[in-house]
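*Asks:* Chain residues, written in single-letter form:
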Amino acid sequence: MTTAEAFEIPDLMLALPEIWLLGMACLVLVVDLFSKDRDHTPAYWLTQFALISTAVIAVSTQWGVDATTFSGTYVADALGTILKVSVLLLGFLGFAYSRDYMRERGLLTGEYYILSLFAVLGMLVTVSAHNLLTLYLGVELMSLCLYALVAMDRDSPRASEAAMKYFVLGALASGMLLYGMSMLYGTTGSLDLATIREAAATLEENRVLFLFGLVFMVVGVAFKFGAVPFHMWVPDVYHGAPTPVTLMIATGSKVAAVGLFLRLIGEGLEPLIADWQQMMVILAVLSLIVGNTVALVQTNIKRMLAYSTFNHMGFIFMGLLAGAPGGYGAAVFYAVTYAVTVAAAFGVVLLLSRRDFEADQLEDFKGLNERSPLFAFVMLLLMISLTGIPGTVGFYAKWLVLKATVEAGFVWLAVLAVVGAVIGAFYYLRIVRLMYFDKPEGRGPQPSGSGGFRAVLAANGFAVLALGLFPGALVAICMAAFAP
Amino acid sequence: MLESSWPLLSLLIWLPIIGGVVVLALGDERESQARLVALATAALTFLFSLGLITGFAPGTAAMQFVELRPWVDTLNVNYHLGVDGISMPLVVLTTFSTLLVLIASWRRVTEKPAMFQACFLMLNGIMVGVFSALDAILFYVFFEVMLVPMFLLIGIWGGANRIYATIKFFLYTFIGSVMMLVALVYLQFQAGGSFHILDFYGLDLPLNAQIWLFMAFLMAFAIKVPMWPVHTWLPDAHVQAPTGGSVILAAIMLKIGGYGFVRFSLPVVPEASMTLDWLMITLSLIAVVYIGFVAMMQQDMKKLIAYSSIAHMGFVTLGFFVIFAIADRTGGSGMLLALEGGMVQMISHGFISAAMFLCVGVLYDRMHTRDMDRYGGVAHRMPIFAGFFVLFAMANAGLPGTSGFVGEFMVILAAFQANFWYAFAAATTLILGAAYTLWMVRRVLYGDVTSKEVDSLQDVDRRELIVLGVLAAAVLWLGVYPGPLIEIMEPSLENLLEIVAAGL
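Chains A and C supply the protein sequences, listed in that same order. If you use my numbering, the first sequence corresponds to residues 1 to 484, in order. If you use my numbering, the second sequence corresponds to residues 485 to 988, in order.
Hint data in this document are derived by calculation from the structure and do not stem from the laboratory. Be aware that a few hints might be false.
What the hints assert, rightly or not - The following label-pair restraints were derived from C-beta to C-beta distances:
(1) C/Glu513 x A/Gly452: 52 to 62 Å
(2) C/Trp923 x A/Gly409: 54 to 64 Å
(3) C/Trp498 x A/Val59: 26 to 36 Å
Unchecked claim - Here are the simulated lysine to aspartate or glutamate pairs, DMTMM-like style, with alpha carbons at most 25 Å apart:
(4) C/Lys596 x A/Glu363
(5) C/Lys652 x A/Glu204
(6) A/Lys439 x C/Glu515
(7) A/Lys439 x C/Asp943
(8) C/Lys596 x A/Asp438
(9) C/Lys652 x A/Glu363
(10) A/Lys439 x C/Glu595
(11) C/Lys596 x A/Asp77
Since the structure is predicted, the reported quantities are computational estimates derived from the model, not experimental observations. Virtual Cβ for every residue (Gly too), placed ideally from N, Cα, C.
Model the full assembly from the supplied sequences, consistent with the hints where possible.
*Replies:* Written out as structure tokens, the structure is:
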């Protein structure tokens, strides 16, 4: 390799969304430093602008492109664009919902915005990675910011405990991932995913070592997903973290985890599908049944949503293990729509919370229909979408996954999954029941929040309905990313 | 296929749903306006649905009033509607029952009246959708969405134990339908990506796969019908549901199970249906005989009618699945009679069960109890009501001249050609049905006036009179002159038999 080739000028345009977001994050940091506004209003608007503008840039520069840059360590393609736009949109929703909550708890600091933006940046890098190092860089950038965000409420013992747990287990998962990567590097001599893919296809000697690496990486990825049996951190972190941070972990980081899987295993190790498919089946089955069942007995909605995550992760895994193109497309569709739905569910929790009061007990939802028919209806939509009732987008997500699973020949898994969905129906319905059938104890928490917050939340809720009636466009976009 | 000049079926689906949204928007503050809008919407929907009868081309098994528009292109899902002789009467029954329910519950419901009416209107549209969907996914969408308004209806306006009942109802039906979803996905895969229900007919599936599919459909539809032993949600749901909810549940929702059997189980997996017909016949006869005895033991009037519904629906499934045994014995004649009997029984039960639940509703509105022991001698104070009640009770017991007789008699007659003992067991219902219904009549209507509450009862008012009168006319008309109904159904059922025969 000549020096000229080694130092070719990379095509920066292909990485423009990340570069722009990085620049904006730094700008937010500086602006917030000099702003005297106690509510950090400039930082808020600048952050929202950063997210939206980055999404616009991502769509305009990367949709329909399929190219690598930075010497093949970084890829811009349709899949990356979909996941990036979703992550950015979810970030936007998260900030819109969390402002009042964080202000009332004295957590609305410039650091909240900066750390969140860097976490989003990490997610973006993860889904664009085409090299083991880039991938790891993205994952760590995301994770480290999230660890700190969980600990934002430093006076709360519960948050500190959650952060500690998240950090220790997350570091372990990163270690697993890195260890697996090192084995791949050891056998193939390359960090480039395209090279690794070729090597995986023609694997003869070192097969055992390679597969060992694969196992470690699947474990690492499963940790990030929070799939059973690597799920122990999920309920405590969801419960302990400030709700806006929970929202981010439950939505954006899951979408990024799908990206992580697809880049690392789905694309990079596709020739070994027969090997990792088996592992994914086990993870999916355990997630669908074991994790899901525990959600039945939760009384805290954040914990309930945490346990119910396993059910959805099981579905996403089913899509992933069914392979390209139908399965991957289904998994991406599932992840994106699930994240949008859950974001709104946490939004309703935030809406009902006030200073010194967390509306995170199921009891707080009692008689919500009397207090706020609109948001009771929004929550009804969200719950039936998570259950998978048609008319809402959750149905199409489940159906696409089932379709891919059946076509891949796993009919029994599809049956198991719908049994899991029925278990899920029970605890989602319980919320509907509390909202519509029960009377509140006392007056119950009233919906608070600014007009903008309410408008965005209502729009988010009705988007679940609209996408459920007309899912065609989004399905087409998700499937297009994997079109041969 | 016969295309319609204007989208009548879409109108029947969306008019009540939009009406429901308007009613919700008007809200409880403008209750009287909301109620008027609800009634007008239901009346209009019913009137439009009469267009189905007048515009229906008899003598063909083809789908009529067909509408076909792409819906989700990428997934090959179409907005595909159409009715044949099997589904058209059920659509009209749906709009008819909704209108009656709205009249019957006029000013009766004081808690969240707007939402109550909106739920019924939406249910109306959704159930028409179930009967007219020709795309499997569209069918599934309606089939499942239907649960949500019903869940709210029972949960908000139900009796004391409503929450338990409604969650039981939802979970039972949900588990059945998700199994069907897997079956539909599998069928689409086998049918080369098409979701058109008629494309599922005549697929060459191995028996093993057929049996799994049959089981999936059985879970979905047997729970809906409901068949023994998955019937336990029904008495709970009925007892706890408000009167209108019970009527819709009994008159329409149970029919969706029966409709599913003729639309999916028989034509899609005929070989499995034949292989497992012993199972279906056994379950149907258990429903007829055993549930008949259970009904006799009830103290609660609604529970009694709920159990009698299960027994009567046993006739429907018996009629549908006894055809294979008939074919064995006679080589074909009598099969059509059995199917027609099942279908007539469905329509007839729609009228009779609606009427019975409304009668109980009339009493409940006045006395706030359904316990038979609290009544006695009602006929002395409510003579007109007693007349209607006796008529419907007789119809329920299968008295000749009422619609209850026609369907049961046809099924029994057909069953004779299959096996004497099938017919014998089925015929016991004439005794059991008479026993439990007349016993109820005796305890509630006759005897001396036992309590002060009964003594102060007022007879039916004009509104109740209209509702019961219309139903009585329907029951008698169908009992005396079922010809037109059978004429509408016959070509479609003959066609069904051909499809089944071709698949064997």
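*Asks:* Could you grab the alpha-carbon distance between C/Lys652 and A/Glu363 and see if it respects the 25 Å cut-off?
*Replies:* holds (21 Å)
*Asks:* So does C/Glu513 sit 52 to 62 Å from A/Gly452, Cβ to Cβ?
*Replies:* Violated: the Cβ-Cβ distance is about 27 Å, outside 52 to 62 Å.
*Asks:* Do the Cβ positions of C/Trp923 and A/Gly409 conform to the proposed distance bound of 54 to 64 Å?
*Replies:* Between C/Trp923 and A/Gly409, where Cβ atoms are some 56 Å apart, the hint holds.
*Asks:* Please work out if C/Lys596 and A/Glu363 have their alpha carbons no farther apart than 25 Å.
*Replies:* holds (22 Å)
*Asks:* When you check the alpha-carbon spacing of C/Lys652 and A/Glu204, does it fall within 25 Å?
*Replies:* Violated - the C-alpha atoms of A/Glu204 and C/Lys652 are around 56 Å apart, more than 25 Å.
*Asks:* Okay, C/Trp498 versus A/Val59 on CB: inside 26 to 36 Å?
*Replies:* Holds, at about 34 Å.
*Asks:* Has the given pair, A/Lys439 with C/Asp943, been kept, meaning a C-alpha gap of at most 25 Å?
*Replies:* Not satisfied, since the Cα-Cα distance of roughly 36 Å exceeds 25 Å.
*Asks:* Is C/Lys596 close enough to A/Asp438, meaning Cα to Cα at most 25 Å?
*Replies:* Satisfied, since the Cα-Cα distance of roughly 14 Å is no more than 25 Å.
*Asks:* For the pair we were handed, A/Lys439 and C/Glu515, check the Cα-Cα distance against 25 Å.
*Replies:* The hint holds at about 22 Å.
*Asks:* Would the hint linking C/Lys596 and A/Asp77 be met if the CA-CA limit is 25 Å?
*Replies:* violated (52 Å)
*Asks:* Hinted pair, alpha-carbon criterion (25 Å max): A/Lys439, C/Glu595. Please report holds or violated.
*Replies:* Roughly 13 Å separates the two Cα atoms, so the pair holds.
Consistency with the previously given hints fails for numbers 1, 5, 7 and 11, ordered from lowest to highest.
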